[in-house]
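All chains, full assembly: derive it from the sequences and hints.
Line by line, the protein sequences give chains A and B. So for the first sequence, this note's numbering puts the first residue at 1; every next one is plus one. So for the second sequence, this note's numbering puts the first residue at 1; every next one is plus one.
Mixed in with the good hints, there may be bad ones.
What the hints assert, rightly or not - Derived list of chain B stretches under chain A, where covered just means 3 residues or more per stretch with a C-beta under 8 Å from a C-beta of chain A: (1) 205 to 212; (2) 351 to 357.
To be verified - A few chain A residues facing chain B, derived, Cβ under 8 Å: (3) Y58; (4) R161; (5) V195; (6) I211; (7) I261; (8) G309; (9) P311; (10) L345.
No lab work stands behind these hints: they were computed from the structure. For each residue, glycine too, the CB sits at the ideal point set by N, CA and C.
Number of protein chains: 2
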Amino acid sequence: MDGALSGLRVLDLSRVLAGPYAAMVLADLGADVVKIEMPGTGDDARAYPPHVAGESVYFMSLNRNKRSLTLDLKSDAGRELFQALVRQADVLVENFRPGTMARLGLGYDELAALNPRLIYAAVSGFGQTGPYSPRAAYDAVLQAMGGIMSITGPEDGQPTRVGTSIADITAGLFSAVGILAALNKRQETGVGQMVDVAMLDCQVAILENAIARYAATGQAPRPIGNRHPAIFPFEPFDTSDGQLMVAAGNDTLWARLCAVIGRPELADDPRFATNPSRHQNYAAMRAALAEALAQRPTADWQRELDAAGIPNGPINDVADVVHDPQVQAREMIQEVEHPVAGKTLLPGVPIKLSATPGGIRRPAPLLGEHAEEILADWLGYDAAEVARWRARGALGAG
Amino acid sequence: MDGALSGLRVLDLSRVLAGPYAAMVLADLGADVVKIEMPGTGDDARAYPPHVAGESVYFMSLNRNKRSLTLDLKSDAGRELFQALVRQADVLVENFRPGTMARLGLGYDELAALNPRLIYAAVSGFGQTGPYSPRAAYDAVLQAMGGIMSITGPEDGQPTRVGTSIADITAGLFSAVGILAALNKRQETGVGQMVDVAMLDCQVAILENAIARYAATGQAPRPIGNRHPAIFPFEPFDTSDGQLMVAAGNDTLWARLCAVIGRPELADDPRFATNPSRHQNYAAMRAALAEALAQRPTADWQRELDAAGIPNGPINDVADVVHDPQVQAREMIQEVEHPVAGKTLLPGVPIKLSATPGGIRRPAPLLGEHAEEILADWLGYDAAEVARWRARGALGAG
Numbered sequence: 001m002d003g004a005l006s007g008l009r010v011l012d013l014s015r016v017l018a019g020p021y022a023a024m025v026l027a028d029l030g031a032d033v034v035k036i037e038m039p040g041t042g043d044d045a046r047a048y049p050p051h052v053a054g055e056s057v058y059f060m061s062l063n064r065n066k067r068s069l070t071l072d073l074k075s076d077a078g079r080e081l082f083q084a085l086v087r088q089a090d091v092l093v094e095n096f097r098p099g100t101m102a103r104l105g106l107g108y109d110e111l112a113a114l115n116p117r118l119i120y121a122a123v124s125g126f127g128q129t130g131p132y133s134p135r136a137a138y139d140a141v142l143q144a145m146g147g148i149m150s151i152t153g154p155e156d157g158q159p160t161r162v163g164t165s166i167a168d169i170t171a172g173l174f175s176a177v178g179i180l181a182a183l184n185k186r187q188e189t190g191v192g193q194m195v196d197v198a199m200l201d202c203q204v205a206i207l208e209n210a211i212a213r214y215a216a217t218g219q220a221p222r223p224i225g226n227r228h229p230a231i232f233p234f235e236p237f238d239t240s241d242g243q244l245m246v247a248a249g250n251d252t253l254w255a256r257l258c259a260v261i262g263r264p265e266l267a268d269d270p271r272f273a274t275n276p277s278r279h280q281n282y283a284a285m286r287a288a289l290a291e292a293l294a295q296r297p298t299a300d301w302q303r304e305l306d307a308a309g310i311p312n313g314p315i316n317d318v319a320d321v322v323h324d325p326q327v328q329a330r331e332m333i334q335e336v337e338h339p340v341a342g343k344t345l346l347p348g349v350p351i352k353l354s355a356t357p358g359g360i361r362r363p364a365p366l367l368g369e370h371a372e373e374i375l376a377d378w379l380g381y382d383a384a385e386v387a388r389w390r391a392r393g394a395l396g397a398g
Numbered sequence: 001m002d003g004a005l006s007g008l009r010v011l012d013l014s015r016v017l018a019g020p021y022a023a024m025v026l027a028d029l030g031a032d033v034v035k036i037e038m039p040g041t042g043d044d045a046r047a048y049p050p051h052v053a054g055e056s057v058y059f060m061s062l063n064r065n066k067r068s069l070t071l072d073l074k075s076d077a078g079r080e081l082f083q084a085l086v087r088q089a090d091v092l093v094e095n096f097r098p099g100t101m102a103r104l105g106l107g108y109d110e111l112a113a114l115n116p117r118l119i120y121a122a123v124s125g126f127g128q129t130g131p132y133s134p135r136a137a138y139d140a141v142l143q144a145m146g147g148i149m150s151i152t153g154p155e156d157g158q159p160t161r162v163g164t165s166i167a168d169i170t171a172g173l174f175s176a177v178g179i180l181a182a183l184n185k186r187q188e189t190g191v192g193q194m195v196d197v198a199m200l201d202c203q204v205a206i207l208e209n210a211i212a213r214y215a216a217t218g219q220a221p222r223p224i225g226n227r228h229p230a231i232f233p234f235e236p237f238d239t240s241d242g243q244l245m246v247a248a249g250n251d252t253l254w255a256r257l258c259a260v261i262g263r264p265e266l267a268d269d270p271r272f273a274t275n276p277s278r279h280q281n282y283a284a285m286r287a288a289l290a291e292a293l294a295q296r297p298t299a300d301w302q303r304e305l306d307a308a309g310i311p312n313g314p315i316n317d318v319a320d321v322v323h324d325p326q327v328q329a330r331e332m333i334q335e336v337e338h339p340v341a342g343k344t345l346l347p348g349v350p351i352k353l354s355a356t357p358g359g360i361r362r363p364a365p366l367l368g369e370h371a372e373e374i375l376a377d378w379l380g381y382d383a384a385e386v387a388r389w390r391a392r393g394a395l396g397a398g
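In C-alpha cells, the structure reads:
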C-alpha cells in the first residue's frame, strides 16, 4: 500500500500509550514503524488486562501496523545495533523519563551526531525542561494536574477523570503533528530536530477557552455536568422514553428549534433571542425546552430535528458505537486477526486521505517477532549476521 | 520567526472549533493562515461568551496567529476573489456541512482543477460519506454519539460530557496530522489530495482499548469514576488534608509504593503481586492504600512519592494550572495583548521544536482586519485594486 508516509522509517522506543499512539498514527498512514522493546517483558502495556489467549487487548489496540524487535540497550552490543538502526531512521519516538536516554549514551545530541537528519520526538509527563521535568507520570496524574478533571463531572460534583486516556492520546497527537512539521522543515534544511512534547503542556492546550474564561472572570470554572459553558442550548434533555443531546449552536438553529417543538414565539422572546441572552436566562430556557421535549419519544424528535438541520443525537455506549451504521460505513470498526488472540475489534483510521488512504495492514506484533525481517530490511543483514548479534546478547538473553 | 511551517499558505474557512483548532495548530508552527469569514457577523464563535469589550474570549482562544478577510462567497465577485486565493494556497480547511462548498461551486473537484497542489481538509461531524453525512453536528452531539460520555462519570452514574470540547479538539488534531501527511506526500508527487476527517470517527479512534475490551468481554464499559479500567492502582486517594492522584502503573512501582506507605509486605502478597492480581483483588488493594494514605497530609506524600519515582499529583483547578511553576516554566500560559480586549491569557504552544520553535506572534484578528495586507501578500494587489473588489461586493456589503 502506498501510504502518505510510505518510506518513512520510525524507531518507536515508547511504552504504554502516548508515544505508542503517536507512532501508531504514523504507522496507520504508511510509515514503517519498528517497535524496540525490552527483552523478556517488552512494553509494560503487554501486562494490562484484559488478556485473550495471554495477549493484552490494551497492547493490541495501540500497536497495530508495527513490527517488534527486542534490544538490550544496557548491553554494548544492544546499543551498537541500536545505533546502526538510528543511522537508517527518519524519526525516533521515546517516552522515557527525561534523562534516561542520555544516561544510556543515546540522548538527542549523541544520536543527532550519528544521523543529523533524525527527528527525535520525546514525549514525557512534564517535558524536557522545568522543575518537574524528572518526575514520572501517567495519564491519571496529568489529567489531575492539567485541569481537565476540574471542569468534568456532575454539576457541583467531584472532579472526574475522562474515561479514556485523553492526556496520553492528545500528547500522542501533538507529537505526531510536531514530527510531521519537523519533517516538512527537513525537506528544506536537510536536518532534523528535537520534538519535546509534555503531556502537561498538552492538557493546558486542550483547556483552550477555559483559560481565557478564567482570565476574563477571575473564577476557575467548575464541573457543570452535561451542559456547555458558553453555548445555549447544548445539553441532553429527557424525552418520553429516553434522552437526547440537543445542540443549537447559533441563533438560526435556536429559531428552528423553537419551531420544531411547537413554540415559535420563543424565537422572538427577547430573553432568548441571542446566545448571551439565553445564557442570562438559562433556567427559563431549559425549562421551556424540557417541558416540550418530554412530551414525545426520542425517535420522533430525532427525525424532526434532523429534518430541520438541528444537531442532535443519542448517548451511545461502546456497543452502540460498534454497531452504528455511520461508524460501520466509515470503516471505523475493523476486525483484525491476531495470530495468537484470534479476531479482535480495533478502531479504524480516522484520517481519510483521498489519494493515499491509510489502513490496518497487520496486527500488533508478538514480542521480538520481526527481528530477522527488520534487520534484513533496514540493515541488509542475513540470518547468520542476525544470529551473531543474538549470540552477542544485543537482542537480550532470551 | 522561522517556523517549521513558515511559507505554508493556509485558507481557513472554518468556524467555531474543530477546523479553527486544526488551522491554529498549523499557524502556531509558522504557517500563514488566512481566516475567511462571512461578512457582517463572521465566525459564529465571535458570539460565544464571555466577551471582554465586546470581543469573545472563546474566539480569541482559537484564532491567534491568523489574519482575517471577509468574503461573500454567495456573490460572483466573492467567489472570483476566493478562487484567486485558492490558486496561491497550499492548504484549505473548511468545516461546513458536507455538500455546502460544492453547492457554491467550490467543492474539492473544482478547487483541485484550479490548483492541483491544493490539500483540501474537510472537517465535519460525520464525514463526507455514509448515511449521516449530511447531518449537522456539534461537539456535544459527537461526545454523546461517539461513546466517550458512556465511559466518563461517577461510578454507576450518568454518562458525563468531558468538560472541554474534546470531539472538536481531537478532530482538529487528526486533521492537522492528515494535512501534514498529505504535504509530505506532495513533496514526492507534486499533487495534493482531500483530507476527510469526521468528528465521530475521531471519537471512535480515541476510545482505543475500550473497543477491544468490549470485543473481548462482550460488555460495554460503563463510567467508573476516577479509577482506571485496566491499571491498578491508578486513582485518587484521600489524605489527611486533601486528595492525591496515585498511579503505580507497573509491578516495580507497586513494590515501591508499598515501601513508601510502610507496608512492604504487601509487595510480596500474592493477591497484589501483579497487575492482573491487583485487578482481581481490587477492593482489598484499595482499602489497604486508603487506610495508609489517610494518615498524613498531601504534601508529605507528594514528597515521598516523588522521591521514590511514583507518579502522583494534586487535582488542580484552572487557577492552579495557570499558576503552576512547571506550566509557567514551559511558557504554557501566555499573556497576549488584544487591540480591543486588552490583555488576556492563552495556552502556549505545546509542540516544542528545538530548531524552529513555534509561538504566538499575533492575537486573534478583528473581523476583516487584514484585507489589504492579505490581498497584497498573496495576490500582489495595491490599495486601488482592493478598493475595486470591495466596490464589487466581494468582501461583503459592510
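Original post:
Broken hints, numbered, in rising order?
Top reply: 7
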